[in-house]
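Visitor: For reference, the chains in residue letters:
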Amino acid sequence: DAGVIQSPRHEVTEMGQEVTLRCKPISGHNSLFWYRQTMMRGLELLIYFNNNVPIDDSGMPEDRFSAKMPNASFSTLKIQPSEPRDSAVYFCASSLSSGYSPLHFGNGTRLTVT
Amino acid sequence: GNSVTQMEGPVTLSEEAFLTINCTYTATGYPSLFWYVQYPGEGLQLLLKATKADDKGSNKGFEATYRKETTSFHLEKGSVQVSDSAVYFCALSETGANSKLTFGKGITLSVRP
Numbered sequence: 009d010a011g012v013i014q015s016p017r018h019e020v021t022e023m024g025q026e027v028t029l030r031c032k033p034i035s036g037h038n039s040l041f042w043y044r045q046t047m048m049r050g051l052e053l054l055i056y057f058n059n060n061v062p063i064d065d066s067g068m069p070e071d072r073f074s075a076k077m078p079n080a081s082f083s084t085l086k087i088q089p090s091e092p093r094d095s096a097v098y099f100c101a102s103s104l105s106s107g108y109s110p111l112h113f114g115n116g117t118r119l120t121v122t
Numbered sequence: 011g012n013s014v015t016q017m018e019g020p021v022t023l024s025e026e027a028f029l030t031i032n033c034t035y036t037a038t039g040y041p042s043l044f045w046y047v048q049y050p051g052e053g054l055q056l057l058l059k060a061t062k063a064d065d066k067g068s069n070k071g072f073e074a075t076y077r078k079e080t081t082s083f084h085l086e087k088g089s090v091q092v093s094d095s096a097v098y099f100c101a102l103s104e105t106g107a108n109s110k111l112t113f114g115k116g117i118t119l120s121v122r123p
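Chains D and X, in that order, are what the protein sequence lines are.
Here the first sequence stands for residues 9 to 122, where the numbers follow the working numbering.
Here the second sequence stands for residues 11 to 123, where the numbers follow the working numbering.
FYI, nobody ran anything at the bench for these hints, they're computed from the structure.
In this text the structure is predicted, and so the values were computed from the model without any measurement.
Each hint should be verified, as a subset may be incorrect.
[Stated by the list, open to error] Simulated crosslink set (BS3-like; lysine-lysine; CA at most 30 Å straight-line):
(1) K66(X) with K115(X)
(2) K87(X) with K32(D)
(3) K32(D) with K70(X)
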């Protein structure tokens, strides 16, 4: 099992640029989650999908953030335009849609916006 | 709403010391409880879980007991190793489909030789 795959591992960009983060969940998992981790705020849930449908996007900070899941094996998180305060580690996680099913996390994308 | 409170960190221990990391929760229903661990440069991974009151989750020498009366799920290990150095997160999930995890802020554990 390849696990959850995220790309890129590191992204450095200038303020105002568009950033796209990518995630491939574990095959067979039907729930997908995007988290953001910072020292100040800890781990924050941004959005999650079930069967490719967004269920809860209340954690998305503002309209600059958008997420899509066009099929069961791929999701993107886009920030446009990016700002320095978006600098964080962004994690994607997947699971079976069950309260007992654990989340499997990718290794994250470290985003730095200068 | 649901919330998870972890003790303030960081925690530094010597190898073979006893570890306790406190975690309490607030939930409207009957949640499942989890401990996740994050090693440097990696994502979180499940350490152990308990799905109902009085259940004990255990893995790699770590244990935690689901205490409904005190709404707690404290993590313990009798003898820590340097390789246990990581960030530990307590989390809860309401049961049922489309449930999501609520995480605590995490605590950094450093174990020195």
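Visitor: State for each hint whether it applies.
Guide: Going through the hints against the structure:
Simply put, K66(X) and K115(X) have alpha-carbon atoms about 22 Å apart, close enough for the 30 Å limit, and the pair holds. The suggested pairing of K87(X) with K32(D) is violated, with an alpha-carbon distance near 34 Å, which exceeds 30 Å. A C-alpha spacing of about 29 Å is found between K32(D) and K70(X), which places the hinted pair at or below 30 Å, so the restraint holds.
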